[in-house]
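Construct all of the structure, not just a fragment, from the sequences and the given hints.
Protein chains in written order, with the numbering used here: chain A, 1 to 390; chain B, 1 to 160.
Check the hints yourself; a few may be wrong.
When the alpha-carbon atoms are kept at most 27 angstroms apart in a straight line, the in silico BS3-like pairs for lysine-lysine are as follows [stated by the list, open to error]:
| id | chain 1 | residue 1 | chain 2 | residue 2 |
| --- | --- | --- | --- | --- |
| 1 | A | Lys-194 | A | Lys-162 |
| 2 | B | Lys-152 | A | Lys-370 |
| 3 | A | Lys-373 | A | Lys-389 |
| 4 | A | Lys-288 | B | Lys-11 |
| 5 | B | Lys-4 | A | Lys-373 |
| 6 | B | Lys-141 | A | Lys-370 |
| 7 | B | Lys-11 | A | Lys-370 |
| 8 | A | Lys-373 | B | Lys-11 |
| 9 | B | Lys-152 | A | Lys-344 |
| 10 | A | Lys-373 | B | Lys-152 |
| 11 | A | Lys-344 | A | Lys-28 |
| 12 | B | Lys-4 | A | Lys-81 |
| 13 | A | Lys-288 | B | Lys-152 |
| 14 | A | Lys-288 | B | Lys-141 |
| 15 | B | Lys-40 | A | Lys-288 |
| 16 | B | Lys-139 | A | Lys-370 |
| 17 | A | Lys-370 | B | Lys-4 |
| 18 | B | Lys-152 | A | Lys-28 |
| 19 | B | Lys-4 | B | Lys-40 |
| 20 | A | Lys-255 | A | Lys-162 |
| 21 | B | Lys-152 | A | Lys-19 |
Derived DEER-like restraints, expressed as beta-carbon distance ranges [claimed, not checked]:
| id | chain 1 | residue 1 | chain 2 | residue 2 | range |
| --- | --- | --- | --- | --- | --- |
| 22 | A | Ile-190 | B | Ile-158 | 32 to 42 angstroms |
| 23 | A | Glu-374 | B | Asn-52 | 16 to 26 angstroms |
| 24 | B | Lys-152 | A | Ile-190 | 41 to 51 angstroms |
| 25 | A | Asn-76 | B | Asp-78 | 46 to 56 angstroms |
| 26 | A | Ala-189 | B | Gly-144 | 45 to 55 angstroms |
The hints are simulated quantities; they were obtained by calculation from the structure and are not laboratory data. Quick reminder that beta carbons are idealized off the backbone N, C-alpha and C, glycines included.
Below, each chain spelled out in residue letters.
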Amino acid sequence: MRDPLNKTITTIPPSGIRKFFDIVNEMKDAISLGVGEPDFDTPWHVREEGIYSLEKGRTFYTSNAGLKELKVEIHNYLQRKCNVTYDSNTEIMVTVGGSEAIDLAMRAMLDPGDEVLIPQPSYVAYPPCVVLAGGVPVVIELDEKDEFRLTPEKLLEKITPKTKILVLPFPNNPTGAVMRREDLEKIAAIVEEKDLFVVSDEIYAELTYGDEAHVSIASLPGMRERTVLINGFSKAYAMTGWRLGYACAPAAILKQMLKIHQYAIMCAPTTSQYAAVEAMRNGDEDVKNMREAYDQRRRYLIHAFAEMGLDCFEPLGAFYMFPSIKRFGMTSEEFATRLLQEEKVAVVPGTAFGDCGEGFLRVSYAYSLKSLKEALGRIERFVNRLDGKE
Amino acid sequence: MREKILAVIEKNSRIDIHDLAILLGESEVAVANEIAEMEKENIICGYHTLINWDNTSEEKVSALIEVKVTPQRGMGFDKLAERIYQYSEVNALYLMAGGFDFMIIIEGKSMRQVAQFVSDRLAPLDSVLSTATHFVLKKYKDHGTVLCDEVKDERMLITP
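This is the structure:
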């Protein structure tokens, strides 16, 4: 028989962390700090709107780009929160989660051999999406000393004549790093000079802490026409299971992304879209309350890690801490495995998010304070044991 | 800072000052002082426990009583309210807008005890025109907290 498989897909390695996760999922009494989704339920008024749309029998397809009302709400939202304006008819499309938008952007923009710069540690899906679109992923390894921000030096180092796209994954999963306006301005200058495009994954935008709100690179002068802005409802409104995101881009790019979407997906789930309209119209208060809860836990974890002697820079976004375990002389995976076996606490080894995540752990604080307290007690016991304090 | 302190301790009055200070990113002394101030100013009026009595063997009955009254000249409703809220059975007393004047929330050991309160204490008051007593059958949610079993975390470790 002939090989039924495509050569490219078979060269992509399966997610390395799978094995570890399987052990965790089977361990009944383990406390997990590994989950990458909100612990809150979707606000009830949003769920109710979804239920209502089903009751009304709105079980049809929407137009390929999404419900008109929703696109208008997205337009209003981006204007209100990010100070950037997109035409709801030609520059906004609703996708099946932010993940689909990433894939669409790559497929719509890359020719074989085009290079895509991917800062790591970051979300694991970027390199495979690039490869499947025929591009070549080029990793930029970020440093803790820069608080895992992308610096102009690091960016310039990796740019070649083939470079076409820069992925900008901030606020960042897994590090919690954010890019401030002044950081973005330096990046934008290079992007413009080198004639690159930006795929800005801003799915955690609403979860930015401290005095400065999230800044989208699309709002900087000259950047809107070079940027595909990706966001969604999963993290801000605790709507992961609804599978709803969106992409905004200049009409010429969006038109092609929409073509792929219409042939592959048709449209995003209708029920989810109706619920999302309600989320954007009346959900600001919910977002604010959830952010405040995350922020309190964030402060709690920073404090707890400092007390037990786990080095960690202060993350200002998303809901992850990224402490360093380098001083224990173990790999991330060894540390995570032993922590799981000995204290039954699950965290994710930093290497799941790129080789440069070695020596770090991703600790999620999308958990109740009660669970966090219990887990931190166990981590502290483990760390003390390693330090010979017992 | 006050609003933030209140938002946390309204849901969890047992949290210790040390943890509260960390959560809010403030110093322990500042938080302790602010709480002491608010106690003094009667913003914080007490620390209570939310109990689901249905899950105990204790017999308890709650009722809401709507009361229509004629306010007394020169004293409005306040004087009368004072006469009512002094009774230890009265858990809460509100002055209402709408079809009646006072809402009393009362807790007793039995329906009989509640009925006795209404007939012996409340109804005979000169200014009370009428009462309507509603017994609580089941409490689903109280003080912003759902009183049923805790839901368990069904999220899985998922990786793309």
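Original post:
Hints broken by the structure, by number, lowest first?
Top reply: 15
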